[in-house]
Amino acid sequence: MATYLTTTPTLLQRIRDCQAVVVLRERTLESVTTDHEAREARPLGTFRATPAEVLKGYDEGALTIRMPGAGSAEQAEQPEQAEQVAWRLAPQDERAQVAFLVRESRTSWVPYFSSVFPLDGETVLLSEEVEDDRPGEAGALDLAGLRALITRAAEEAREQQTKLWEAEPEIAARTRPHPVLESPEAPAPGATSAEPDTADPGGASAAPELAEPPELPEE
Amino acid sequence: MVPRRHQGDAMGDQAYWNAGDRPRIFINWQSFTAQGISNDWQGPVTDAVLNAYTRWQNAGVDCRFQFWNYTDRTEPQDGEIIVSMNERHFDTSRVASTFTSWRKASLVIHRKNGADLTPWPLVPFNAQPGQIDLQGIFQHELGHCYWLDHSGSADDVMFGSYSYHSNRFGPWEGDVAKAKAIYRDFDRNRLREFRSVDGGASWFAQGTQITDYNNYQARTCLTPGVTSIGGSGLYALGWSHPNRIPTWLRTDGVNFLFNGWVYYGGERSVHGPALADEPGGLMLMAWVHNDNNGTIRVVRSTNQGQSWAWANTPADATTFGTPGLASTVVNGRRAWVLAWAHFDRADHPGTGRIRASVSYDDGWTWSTPTVVPTSYDYKSLAGVSLGAAPDNRVVLGFSWAGPDIYSMNLVRSLDCEVSGDRLVQRGTGYSNDRTRTQPAVTYDPGRNLFHLSFREQNFLTSLRVAQKEWLKTSWSAAQQLPNSTSSTAPALAHSRVGNNLLLWYGGE
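Which chain is which? The protein sequence lines are A and B, in order.
In terms of this note's numbering, the first sequence opens at residue 1 and continues consecutively.
In terms of this note's numbering, the second sequence opens at residue 1 and continues consecutively.
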């Protein structure tokens, strides 16, 4: 007996609840491991990417991004196929991409509900799965529009916090700007149950532990 | 939120409890911190569990969960439910699972979406759109602990896919009917009374005929309602039977007028009733119908509670908790105020906001309901209550379903007045106390104070009372009533003659 989530967040909800939005122009496959937790073994890709631009969040330099692959574990063992299999989100798209990320662990990030979208020039090509709930007929979403939405979301959070300060100062003094982003701490390395692969000497499971993740700046 | 392919309803083992069982809930908190959940969330996650089964108690079945302790065990023993967290459910988009066997259950929250490894946006407090409400998740999974299977109705808590409205604000009629098909009604909550004859300075347990009356119809699982009946010196006490049929009786606070006792046999009340009178003795009573929108019903008595007739109801007055009723005088005209925590399955941000409507003709017509404009976007955890002085001073009590871990369940009140056809806020009453049900409010003309009572969040679920003046910002330190373990929220009334304060509740 269980509860399933059969909906996904809208565009504005993703912007509000993800911890970082970055523009990625290149990525490097670090390793491919096998996800032993899946019902059928599937590849788990670990990539390193240095954001060309940080639209939301803190510029930490190179990021480690993990995601389940789209192909089989056997395909992932073929070096020429490994990257395409492991980067399942628009795998053959050589264009720059915008990624909405959340921390998966102290050292790695995952795309928030698979939110990695190719850029066609300045235009963000949202996938069909994402409900575009911008008010009015906003037309195509470009990077400038995305920056404006991120700024607006931050302003709304600040406005909410200001209202809380005015009405409930004792509560406001104890809260942070955005509880969803701040409260669940990322699990320590090794908390994932995916079994480390022997061909993963530099993978996420072997990454050194950071003392503390950097604080996200106020937006 | 966008519809997404359904992953299917995996079936698990099913549990069964004996009638009268009180399954003990343990939380393996270490399993939550192992998944990166902050220790700050231990209390709030526990509150989400308790809030969830508090709502299930409205179903009125003789199997009632109780939080027992934290544990590092992973396997439940006989009579136990263990709540824990793991990383994910394989590669599926399952948020939570319940695995059960005879008198044992394991309730597992999955930290991540197995499909894409996204940490679920789980929150123990009142979720915003796009977040996943843990209280709602627990309500669904505790339904499985009741032996309930998935429902085919998307309106039910037991529907297999998460929905903020269905999950958090149930159980709904389909859920209750299934639970009642398995378990007998819980019929051991007697209607009990505390009385104060010194303006709330001291209280004593008052023996009453209805408390001693050994009959199913004199029991309840829902919050009762009480009001004075004008200047008669009598009170009207309303409640719902364990099968949720609403009824009422008149009383002097000790003896009851049993002659002509009737029930609304065709009705099922899932919250309430609330009652209010005016100095002449005309009364209104409101409860919440058992449809899947929580439609409010209103009846009126013009013969001092001998009988009631249907009154009209404000348009689209739908709620998930007990409504509040009060009468006052506005510019020389008698005004009735009906307030409620709004419920609309199509409106996530608006659900929980407090709405009110005003009637100047004793419930024949009501003003268009409006959100009470408040100093903050307050939302109610359960129902609301109203108390009013005859000079348009109104206090509305509620338990705050706040947007963070610090505000969860805090007792709050809005000091209001009627302006035209609206209820408007003039001040806020703060309290550091917390409750999982709505507090009760009444006005005491003798001391010119408002009294507030609530069921506290201790293991005894005992009752406390506090006082304040209108527009004073803080409630007094709440006084605990001894031996007041309550299964329901309290109801308060002050006599219009004499100096009697009455507090009614349902307790074993």
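A couple of the hints might just be wrong.
Claimed, not checked - Cβ-Cβ distance ranges computed for the label pairs, FRET-style: (1) Glu267/B with Glu129/A: 55 to 63 Å; (2) Asn39/B with Arg48/A: 27 to 35 Å; (3) Asn39/B with Ala41/A: 31 to 39 Å; (4) Ala205/B with Gln161/A: 39 to 47 Å; (5) Gly145/A with Val371/B: 46 to 54 Å; (6) Ala41/A with Glu267/B: 55 to 63 Å; (7) Gly145/A with Ala19/B: 36 to 44 Å.
To be verified - Reference listing, derived: stretches of chain B covered by chain A, where coverage requires no fewer than 3 residues with Cβ under 8 Å from a Cβ of chain A: (8) 137-145; (9) 173-183; (10) 286-294.
Said to hold, decoys possible - Here are the computed lysine-lysine pairs in the DSSO-like style, where the Cα-Cα straight-line distance is at most 27 Å: (11) Lys104/B with Lys180/B; (12) Lys163/A with Lys468/B; (13) Lys178/B with Lys104/B; (14) Lys178/B with Lys163/A.
No lab work stands behind these hints: they were computed from the structure.
Glycine included, every Cβ here is placed at the ideal spot set by N, Cα and C.
Status of each hint after checking the structure:
A hinted range of 55 to 63 Å is violated for the C-beta pair Glu267/B and Glu129/A, which are about 44 Å apart. Checking the proposed 27 to 35 Å range against Asn39/B and Arg48/A shows it holds: the Cβ atoms sit about 32 Å from each other. Taken as a hint, the range 31 to 39 Å holds for the pair Asn39/B and Ala41/A, whose Cβ atoms sit roughly 35 Å apart. At about 46 Å, the beta-carbon gap between Ala205/B and Gln161/A stays in the expected band of 39 to 47 Å.
For Gly145/A and Val371/B, the Cβ-Cβ distance of about 31 Å falls outside the hinted range of 46 to 54 Å, so the restraint is violated. Our hint of 55 to 63 Å for Ala41/A and Glu267/B holds, since their Cβ atoms are close to 57 Å apart. About 60 Å separates the C-beta atoms of Gly145/A and Ala19/B, a value inconsistent with the hinted range of 36 to 44 Å. Check result for the region 137-145 of chain B against chain A: holds, 4 residues qualifying (beta carbon to beta carbon below 8 Å, three or more required).
With a cut-off of 8 Å between beta carbons, the region 173-183 of chain B has 0 residues touching chain A; three or more are needed, and the interface restraint is violated. For the region 286-294 of chain B, the stated coverage by chain A is violated: 0 residues have a C-beta nearer than 8 Å to a C-beta of that chain, whereas at least 3 were required. Simply put, Lys104/B and Lys180/B have alpha-carbon atoms about 20 Å apart, close enough for the 27 Å limit, and the pair holds. The hinted pair formed by Lys163/A and Lys468/B meets the criterion: a straight-line CA distance of about 25 Å does not exceed 27 Å.
At most 27 Å may separate the alpha-carbon atoms for a hinted pair to count; Lys178/B and Lys104/B meet this at roughly 20 Å. About 43 Å separates the Cα atoms of Lys178/B and Lys163/A, which puts this hinted pair outside 27 Å; it is violated.
The structure does not agree with the numbered hints 1, 5, 7, 9, 10, 14 stated previously, though it agrees with the rest.
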